[in-house]
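Taken in order, these protein sequences are the chains called A and B.
The numbering of the first sequence is our numbering, which starts it at 1 and goes up by one.
The numbering of the second sequence is our numbering, which starts it at 1 and goes up by one.
Everything labelled a hint here was simulated from the structure, so no lab data went into it.
Since the structure is predicted, the reported quantities are computational estimates derived from the model, not experimental observations.
Backbone N, C-alpha and C fix where the C-beta goes; we use that ideal spot for every residue, glycine too.
Be aware that one or more of the hints could be misleading.
[To be verified] Facing chain A, a subset of chain B residues (Cβ under 7 Å, in silico): (1) 78; (2) 96; (3) 111; (4) 112; (5) 122; (6) 125; (7) 153; (8) 156.
[What the hints assert, rightly or not] As a list, the in silico EDC-like pairs of lysine to aspartate or glutamate whose alpha-carbon atoms are at most 20 Å apart: (9) B:152 x A:265; (10) B:242 x B:256; (11) B:151 x A:265; (12) B:130 x B:156; (13) B:152 x B:139; (14) B:130 x B:174.
Listed here are the chains, written in short residue letters.
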Amino acid sequence: MNDTRGLALRAYLRSPLDAVLRGWLPILVFVLLIGAWESAARLSLVDPMMLPAPSDITANFIDGFSTGIYLQHLEVTLFQALSGFALACAVGICIGSISSFSERFGRALQPILIAVEATPKIALAPLIIVWFGYGVGSKVVLATAIAFFPVFIGTVAGLRAADPGRLDVLRALGASRGQLFRLVTLPGALPHIFAGINVAVVFALLGTIVGEFMGSKEGLGTLILYANGNLDTARVFSILLVLAATGLALHWSIGRIRRRLLFWEASPPNVLATTGG
Amino acid sequence: MGKIDRLTLDESVAVSESITRAPVIATRGLCKTYATSAGETVNALSQVNFDVGQGEFVSLVGPSGCGKTTVMRILAGLIDGYTGSVNIGGRVVHGPTPHIGVVFQDANLMPWRTVLANVTLPGQVLRLDKKACHARALELLALVGLGGFEKKLPGELSGGMRQRAAIARALLHDPRILLLDEPFGALDAMTRDNMNVELARIAAEAGKTVFLITHSIAESVFLSDRVLVMSSRPGRIIETIKIDLPRPRSLDVVADPMFAATVLRIRRLLEQSTSADLHVTLAH
Chain A
1 MNDTRGLALR
11 AYLRSPLDAV
21 LRGWLPILVF
31 VLLIGAWESA
41 ARLSLVDPMM
51 LPAPSDITAN
61 FIDGFSTGIY
71 LQHLEVTLFQ
81 ALSGFALACA
91 VGICIGSISS
101 FSERFGRALQ
111 PILIAVEATP
121 KIALAPLIIV
131 WFGYGVGSKV
141 VLATAIAFFP
151 VFIGTVAGLR
161 AADPGRLDVL
171 RALGASRGQL
181 FRLVTLPGAL
191 PHIFAGINVA
201 VVFALLGTIV
211 GEFMGSKEGL
221 GTLILYANGN
231 LDTARVFSIL
241 LVLAATGLAL
251 HWSIGRIRRR
261 LLFWEASPPN
271 VLATTGG
Chain B
1 MGKIDRLTLD
11 ESVAVSESIT
21 RAPVIATRGL
31 CKTYATSAGE
41 TVNALSQVNF
51 DVGQGEFVSL
61 VGPSGCGKTT
71 VMRILAGLID
81 GYTGSVNIGG
91 RVVHGPTPHI
101 GVVFQDANLM
111 PWRTVLANVT
121 LPGQVLRLDK
131 KACHARALEL
141 LALVGLGGFE
151 KKLPGELSGG
161 MRQRAAIARA
171 LLHDPRILLL
181 DEPFGALDAM
191 TRDNMNVELA
201 RIAAEAGKTV
211 FLITHSIAES
221 VFLSDRVLVM
231 SSRPGRIIET
241 IKIDLPRPRS
251 LDVVADPMFA
261 ATVLRIRRLL
271 EQSTSADLHV
281 TLAH
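Using the sequences and the accompanying hints, generate a full structural model.
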């Protein structure tokens, strides 16, 4: 009796403090870190070429957007990344579906897929530039190649995890394979597919930037290379900031679509919430 | 009060043939063997013969692992590779038939569909008229006591409610037979009792032939016109028991001495069959 009251009291005392810490601690750490960084730069403790002051980065960030240069290049990068992402989703879901629909097709494809999966796709970048040129095409292909696998693997895993009991309900009615797929297997696989898609969207951005590093006239990756060549580190940092914001926005959009489509899922795992605190 | 008829296997066939109602389900010589991973063959069923008449409520009871579910899966057309014949509505069938609506141990509702969309699912599979299915689904949901829950998702329902939805779904395409495999096994005892009363009412109102598979002796006696008692491995029907308790039955029927006597009798039969099993294994 006493013990439980003591526990309850401690829980009560702990919870407001916890709430304060949980809400303010990340902000506090962030402010302290930026403050330390800013003062280190101001006091010339670090070389601004290595680590420019946060105020310089912010100024650069604002400048990049007010002159319109960031938006112009962001549009190119975003178009390439989203095209690659859309292609990766379409191809990944299609091939994943066919290979679990036809066992023979899946088996025939398996060695190739394992070999390609084991290859670091970024190593394909020079070859893809040779094949598809310096334009948009090579970036889209590289983004697709990198973003394809998470979608494909998510699709195969999801389709394999089809609930046997739900399948029995339809089989007892004499459902065709197409009906089983459309009415049970595919909708049931969506949580797995979305887990793959969530990884793929950032991979597509990664593929695009690497493609732009290999050779391009436009895009944020090109802009980073250019700024780096000019030893304009503050600009590099501010572009990184744009890329981070883009990645977050993409994640957020996928999360929105996921919640719309998977309204029936009890508790969708949220990667950002668990790491973001 | 009627008396409990004790029937041997041959007599049971003779009696059901003498029933003026033609059998809706008839099995002859059903045998099924499985190959284990160790390469041994296990006899799951051996010579299973039974008839179920039109409008009759028949239960199959037996210990766990005696092959009850194998019988159900053969009837539902979900497994192949058996010998013997299954006759549904006067025709030998292999594979699924629309004459049967199945309720499984788990409700197996699609969590992404509303209750209403789950109940109309068989209509979609069998390509029935959409409007008619919609109207019938609403009627059935009212029949199983889920009126007003049409728009809910399965995740928002209790276990008992989900099983009610599964019963409504099984009835949508108006099958002649309702096949139930331990439908309330996952529910708590109180809910289970209530669901049994509901099942008796639904079966009577819908006018269906019901074949129930259960390991609860009391449940089988409470619900059935006849109880088929199955022995364990290899599964075979060792006894057919006619239940003459008057209908409609309330839960108070449990207090009826005949109810208790019948339950006891079936328990003895099952005990004998399992102890006979033990002797066989000891002799080996």
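Outcome of the hint check:
no.: 1; hint: 78; in the structure: holds (6 Å)
no.: 2; hint: 96; in the structure: holds (4 Å)
no.: 3; hint: 111; in the structure: holds (5 Å)
no.: 4; hint: 112; in the structure: holds (4 Å)
no.: 5; hint: 122; in the structure: holds (5 Å)
no.: 6; hint: 125; in the structure: holds (5 Å)
no.: 7; hint: 153; in the structure: holds (5 Å)
no.: 8; hint: 156; in the structure: violated (10 Å)
no.: 9; hint: B:152 x A:265; in the structure: holds (14 Å)
no.: 10; hint: B:242 x B:256; in the structure: holds (16 Å)
no.: 11; hint: B:151 x A:265; in the structure: holds (16 Å)
no.: 12; hint: B:130 x B:156; in the structure: violated (25 Å)
no.: 13; hint: B:152 x B:139; in the structure: holds (16 Å)
no.: 14; hint: B:130 x B:174; in the structure: holds (14 Å)
Checked against the numbered hints given earlier, this structure breaks hints 8, 12; the rest are met.
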